[in-house]
Amino acid sequence: MGKRLADIGVENTEDNRRKYRQLLFTTNKELGNYISGVILFHETLYQKSDDGRPFVNLIKQLGIIPGIKVDKGVVPLMGSEGESTTQGLDDLSQRCAQYKKDGCDFAKWRCVLKVGKNTPSYQSMLENANVLARYASICQMNGIVPIVEPEVLMDGNHDLERAQKVTETVLAFTYKALNDHHVFLEGTLLKPNMVLAGQECPTKYTPHQAAQATVLALSRTVPAAVPGICFLSGGQSEEEATIHLDAINKCTAGRKPWSLTFSYGRALQASTLKAWKGKDVKAGQAELLKRAKANGAASMGKYVAGSVAGTAGDAGLFVKNHQY
Amino acid sequence: MWSRITPVTRPGSRGYVGGVEGINTRGQVVVKDKEEGGCDGLNSLPSLYIDLCLGSNDTLNVAAHNTLARWYCRGEEGRLKESGDDIAVREPVPAHSVVSPQINNTRAATMTTYFSYPDESLQQELRRIANAITAPGKGILAADESVSTMGKRLSDINVENTDENRRKYRQLLFTTDKAVSEYISGVILFHETVYQKADDGTPFINLIKEKGIIAGIKVDKGVVPLMGSEGESTTQGLDDLSQRCAQYKKDGCDFAKWRCVLKIGKNTPSYESMLENANVLARYASICQMNGLVPIVEPEVLPDGEHDLDRAQKVTETVLAFVYKALNDHHVFLEGTLLKPNMVTAGQSCSKKFKPEEVAKATVVALSRTMPAAVPGVTFLSGGQSEEEASVHLDAINKCTEAKKPWALTFSYGRALQASVLRAWGGKDENVKGGQAELMNRAKANSEAALGKYKWGSCQGYAGDKGLFIKDHAY
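Residue numbers (our numbering), protein chains in the order written: chain A, 2 to 325; chain B, 138 to 612.
Next up, chain A with everything else stripped away, as it sits in the complex (with noise of 0.2 angstroms):
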């Protein structure tokens, strides 16, 4: 969040957190057409407005659901090359049982694998996949959806084919731990990068081309017991993440049993966090409910490219290493 801030002049306190993530549970209760779950920091969770009401509460009264981050970041794997697994598991069913009582509902856990020459290595792949799966496995003992996020990141030259056979034989390794641990597939929602070629990639590829790509590994790997799968936005711009799901939900490349929605960080919020500039609630507001019903028209493969211009325009959200 420090960064976020950083970005628009504004400190990272505390209180200036407190007062952004109020901007966004106060906008105007048609945002809960378009979002129908909130994901927050441990910190958010036990936040209040200024008139003393607490976000969860506020967030459930717009008719959305309320869930919560669990994991506690990246540690590197020993002999690998540069790659990484997520702690968390500690406690895990504790803490879940307590955020199930604070009122949330699902959680999110996010592993990173990255494209490179020899990577992501069997190791990789085989940790990541078991670490998701005990995070789901003891998320359901309490009661709440694990969203599982494998993503793998953007970084790289690699073209769209390699990102792929990536994303297929990642999802590949997940599902099948995922099986291993008798997960209950009905009551997991998958995040998973969309797949596009790396960034430094020379060659341009359409969103068509994109879509068709995620829509094909996508039919090879998620079982269709899944409810639905929403995508992060990784480093595309708020535009970008849009036509993007548009053009996946349009694509007829292969079958599509689940439903393909959205879990946007940067991509909903950018311009939400530039019009507000710490100052200006009401512009950010109008900029977040105009990004939400976007993207919510693109899940329905309804998107008019270029509808809906956003304050931080088309500029690129791209992190390197993205780290959290």
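Hints in this document: simulated from the structure, not taken from any laboratory. Since the model is a prediction, treat every value here as computed from it, not as a measurement. Incorrect hints may appear among the rest.
What the hints assert, rightly or not - With a straight-line Cα cutoff of 27 angstroms, these simulated BS3-like cross-link-like pairs (lysine-lysine) come out:
(1) Lys-20(A) to Lys-101(A)
(2) Lys-541(B) to Lys-251(A)
(3) Lys-581(B) to Lys-541(B)
(4) Lys-541(B) to Lys-303(A)
(5) Lys-278(A) to Lys-294(A)
(6) Lys-257(A) to Lys-590(B)
(7) Lys-192(A) to Lys-541(B)
(8) Lys-542(B) to Lys-257(A)
(9) Lys-541(B) to Lys-490(B)
(10) Lys-251(A) to Lys-542(B)
Dock chain B against the given chain A, drawing on the hints supplied.
Relative to the frame of chain A, chain B by itself:
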């Protein structure tokens, strides 16, 4: 095809095969095609690398060193025979396939995401066949009983198990009226049948194809025991499978079938058995696709036992997860495969009886949790079910709304399509028409079931409703 070795000794130097350029990284040798002058471009010929395990500064002279070398390409291995200047290399792969160079083992372990998709024309060919087999309202007649299994079927109707009787029986099936192709999209054959002819000399393959039905071939060579396991098995047949597939494709087959068997017991199926059977199925599938054949993947969980429906579902889910992980590991093109699983049913000796709707739900849920949407369809095996049971269950599965079903759900029945046919025929020429009528009836019933439109009980077969269960069915 004879290939000439062109030695390239230093790492970093370049060589060509059929227009595809490769770089040696370890003092490897690039095989040069004798017809190299007329290369067709990137997709025409595979690259072959011969790993002679040389040091980077070694001078290569294969004949002089009398060195035996191995060459690798996908799924194939061979030996070089020294014979003066020209060195013969066995024809490795057909023109169709795409081969990735085998990189030495230490690096391969890290680069698990490097592989090639089949080239576009192969993808289209495999998709075409798989989609045609699973066209709405159509399914497969499994007529691939081995000689010994056919012997059991014939002895049940007091007919002697001779070549001629087997031929006559299959002739009955394949001279059925063309209308049967409205219900039957494919037929699985046993090796001998591919090369048999009708009384008037027409090859069976032609009879089948004239009706617009696709011919398939059973390619496995039966089960063998797994040492240390509790009566578990794997299936053999991989040796020379590529050449056999290439030949079957030439001879008119477009798909293949390979059956693995898993058994539910107190301690089974074991991890070993699930891992091994999944892997061998994936190797078979990969080899088939290299040769333009659609592989039907059959991981049968036997109905033998006292386990209930719940246990059957869990086992089936776990087995299928292993299968699809193995298919992914071996880069099998899912859109060009079919699955031939068991329906999820309780064990034959289970005291509790389950309704067709319960069986359907367990089956559909199990598949939705394991089978990717990219697979065009499921062609269920009938196992020990009677003809009517198999039709009713298939119908219930197609009517079931308990889970998403993005694939076709149809039949690949052997006993459950032929029991009445055999009884009506009884080995007698004058009963051929009667036998064919039975086939037509039951095929139609299953076609309706594959569309969720079968009226239970409306098809009365000659064999009645007798269960067709054979304990520990080996084949």
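Consistency of the hints with the structure:
1. Lys-20(A) to Lys-101(A): holds, 25 angstroms
2. Lys-541(B) to Lys-251(A): holds, 20 angstroms
3. Lys-581(B) to Lys-541(B): holds, 26 angstroms
4. Lys-541(B) to Lys-303(A): Cα-Cα ~24 angstroms, so holds.
5. Lys-278(A) to Lys-294(A): holds, 22 angstroms
6. Lys-257(A) to Lys-590(B): holds, 25 angstroms
7. Lys-192(A) to Lys-541(B): With Cα atoms ~20 angstroms apart, Lys-192(A) and Lys-541(B) stay inside 27 angstroms; holds.
8. Lys-542(B) to Lys-257(A): holds, 11 angstroms
9. Lys-541(B) to Lys-490(B): Judged against 27 angstroms, a Cα distance of about 26 angstroms means the pair holds.
10. Lys-251(A) to Lys-542(B): holds, 20 angstroms
Comparing the model with each numbered hint stated earlier shows that all of them hold.
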